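*Asks:* Sequences listed follow chains A and B, in order. Be aware that the first sequence starts at 1, since it is given in my numbering, and climbs by one per residue. Be aware that the second sequence starts at 1, since it is given in my numbering, and climbs by one per residue.
If you are wondering where the hints come from, they were derived from the structure by calculation, not from laboratory data. Heads up, a few of these hints could be off.
Partial list, computed: chain A residues near chain B (C-beta under 10 Å) [to be verified]: (1) 226; (2) 227; (3) 353; (4) 360; (5) 374; (6) 378.
Straight-line distance between alpha carbons at most 27 Å, and here's what the computed DSSO-like set of lysine-lysine pairs gives [stated by the list, open to error]: (7) 79/B with 109/B; (8) 109/B with 124/B; (9) 124/B with 412/A; (10) 124/B with 79/B; (11) 109/B with 412/A.
Fair warning: this is a prediction, and the values are worked out from it, not measured in the lab. Built from N, CA and C at the ideal position, the CB exists for glycine as well.
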Amino acid sequence: MKNEARWQQSSLLGELDVARLRRDFPILERSVHDLPLVYLDNAATSQKPRSVIECEAQYYAGFNANVHRGAHRLSEEATAAFEAARDTVRDFIHARQREEIVFVRGATEAINLVATSYGQRLAPGDEILVTEMEHHSNIVPWQLLCQRSGAVLRVAPIDDYGQVMLSTYERLLGPRTRIVAFTHLSNALGTINPVRQMTELAHAHGAVVLVDGAQAVPHLHVDVQALDCDFYVFSGHKLYGPTGIGVLYGKAVLLAAMPPYQGGGDMIRQVSFAGTSYNELPYKFEAGTPHVAGAIALAAAIDYLGRVGVDAVAAHERALLDYATERARATPGLRIVGTARQKACILSFVLEGIHAHDVGTILDSEGIAVRSGHHCAMPTMERFGVPATVRASFALYNTHDDVDALFAGLNKVRQVFR
Amino acid sequence: MSALRDLYQEVIVDHGRRPRNFGRMAQATRRAEGYNPLCGDRLTLYLRLADDVIVEASFEGAGCAISTASASLMTEALKGMTAAQAEILFTNFHAMLTGNGTAPVPLGKLETLAGVREFPARVKCATLAWHTLHAALHGADEPVSTE
Ligand SMILES: Cc1ncc(COP(=O)(O)O)c(C=O)c1O
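Assemble the whole structure, with the sequences as input and the hints as a guide.
*Replies:* The following block contains the structure:
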């Protein structure tokens, strides 16, 4: 009864015709161990709608060519589609100019690009500030930069709910702080950080801000100008798009002053052995043949999400998270890890006396895909005193039935470990 | 479904929950640390060897039911074995889990872990203690500090 009422409430709130949307995702028709797939590992990677899969195939079947090279028809078509994808991304995150959109392999490469290129101006004693809830990809590139430059990495702690302690964060900002890097939405806890406020504080101390948007873009409306961050990074594959493509957004003034990251074709204006001059933005940072198919299909993914509506998706996922959280709270021996006031789409938890890995295996035998492990966020796990958690993460195609399946699966776990 | 029942047999759930030979060993002559970076499982293995015979084995650490049960069953099986016999046991145990051994060798109680074979992602859990054993046996031939 109660569940039914929630269904109605959520469909009113979200106004998503999820049953229809699910048909856009071919993989959701498959079964796992002869059971229907319940895919709750969206924070690792999301599934792809048919329009994205077909878009990539159409490029290879219809106008595959290298971009920015060659005066032939196919190359013109490929270049036009590739550059149109850049415009789509610009619109999607509300960047001021298309030159501020650099295609990279993913969030990880984007952070490494900034750490390597922007990082060249750091000197011994300079400081980089991250938070205790970062993905390893937003920790290790900064550690490497510290090793190269003699800069010092500082860490803003999080509280028991999984929220950055803003007063300590502010105290850690100082005259030597050069770079502040933090996630928009935590992949391990589901916390949404107050990006605008944290950015303002960092700017007041003269630091530049990199925001890791890998988890945020599929779930939240992102406006980089309103956030005022200096860099914003994300991956295509968590956004219903392909793997191997991602985006670095950087303010043009910063990107223009930064040295290239990699050398090669496309990133140059003129090459001679006496010296080489670099191409204009964004090509200065796009050495070599880019992932053309990936960029075009990423744009198809963004178009898809746009047609469904980010706000409607967010409301739908919010209803799912609320429902799942309520059920989790009613489950004896379950502890939710990450209970921030501002949260989205991620339920991370541990079961008393049962390791996350065992939970993952038993849920899998029920056709349910969750992530069990440290989520590439070992310092975060340590903060909460757990080696690993079970993480269910939601996407636009998930339903209340999926949540019910998850909790039925957890009952099964209990039976095995009775 | 029955694969799952094979994996989480009573013996395994029991050893996972109440591991035998669990705890630090003050008189250990060998010690090694094992770590599975994939899931964060850690364990420390303690051995006491006398004349090349393992007279005592214990471990401590945190892990899933499979890695804990495997460590527990291993420490039981090791007692009284020579280092060479222990290495052969590891080889046979590994062959049982990966299914690419020649004729299966009877492994007694360790055979309760054979179900892991159906779960390739879990083989690393079941072999963590054993890799640690290998390190302990091949480690520097000096007594570990007892502080
Ligand atoms: C918060 C966060 N940042 C960065 C990444 C890295 O993304 P990718 O592996 O696609 O580069 C991930 C993906 O797991 C993530 O969740």
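*Asks:* Run every hint past the structure and note whether it holds.
*Replies:* So, going through the hints one by one against the coordinates:
| no. | hint | in the structure |
| --- | --- | --- |
| 1 | 226 | violated, 38 Å |
| 2 | 227 | violated, 33 Å |
| 3 | 353 | holds, 7 Å |
| 4 | 360 | holds, 9 Å |
| 5 | 374 | holds, 5 Å |
| 6 | 378 | holds, 7 Å |
| 7 | 79/B with 109/B | holds, 14 Å |
| 8 | 109/B with 124/B | holds, 19 Å |
| 9 | 124/B with 412/A | holds, 24 Å |
| 10 | 124/B with 79/B | holds, 23 Å |
| 11 | 109/B with 412/A | holds, 26 Å |
The structure shown violates the earlier hints numbered 1 and 2.
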